[in-house]
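S.K.: With chain A fixed as given, assemble chain B onto it according to the hints.
Sequences listed follow chains A and B, in order. Numbered according to this note's numbering, the first sequence spans residues 1 to 136. Numbered according to this note's numbering, the second sequence spans residues 1 to 133.
No more than 30 Å apart at the CA atoms, straight line, and that leaves these computed lysine-lysine pairs for DSBU-like:
no. : chain 1 : residue 1 : chain 2 : residue 2
1   : B       : LYS119    : A       : LYS49
2   : B       : LYS48     : B       : LYS119
3   : A       : LYS47     : B       : LYS101
4   : A       : LYS57     : B       : LYS39
Rather than coming from a laboratory, the hints here were simulated on the basis of the structure.
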Amino acid sequence: MKFTKKTKLSSEIPTASMPDIIFMLLIFFMVTTVLREYSGLPIELPKAKRIEKLKSKRHTAQIWVSKEGLISIEDKLFAVQDVKHIMYERRSADPQITISLKADESARMEIISGVHNELREADALKLNYSTKTEVN
Amino acid sequence: MAMKKRRFKGGEIPTASMADIAFLLLIFFLVTTTIDTDKGLGIILPPKGDTIEIKKKNILNCLINSSGNVLLGGEPVKIQDINRVVKEKLRVNNKLIISVKTHGKSRYRDYVKVIDQLKMANATRISIAESEL
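One chain only, chain A, in its complex shape:
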């Protein structure tokens, strides 16, 4: 019996489909990232040291409070007593929602207190005071 020695073994990885694979990855990342961004109000965030990161943007609702006392949610201005209704809706849509409060460092506490009360009434209790990192 005669064995023919195979000499012509192609040893190349096919790269023709490489762009397709990478485009697929690209599209995956583009789809999974949250694009909903709100511009909010012009604010200067306070600084703190003991900060924690918010887990995911999907489960956060943001409230902007400017130093003049304006309250903005999803780029619409609201009065303090309306916060409760909006947050109640958001919370029933997503029970594990965290509220990210982006308030100006010069905002008065009376308005922050008002927001606290509204959130308590809406039963949205997980709150995060958005801050900048303080550098020593």
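M.R.: Leaving out everything else, chain B in the frame of chain A:
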């Protein structure tokens, strides 16, 4: 003058660099989406209508006035000293609840500083009293 007629010899787009271009785009999106994460001081608000009677000795009142001065348990303290004072008091009484009360006209900046200091002192029981005018 003799004009040479150019013959079209089958055009092809070079696809060798396609993978590199796609990689570049991929990396661009990866970088631009992960950097911007929100961070801040987390706190859990008490549920509505949830009032518990607490013994007076287990409460440490922390008052912030409109000019940013802090009164901790009846004594004026500097904001950066709260951390140390509270730590000491917690060592004596670990059931201590710190009640933060602010004046309606005090600044959010001072309030965040105080909460930050309390977090540094590992105080877990923080109560936020309604601000008064």
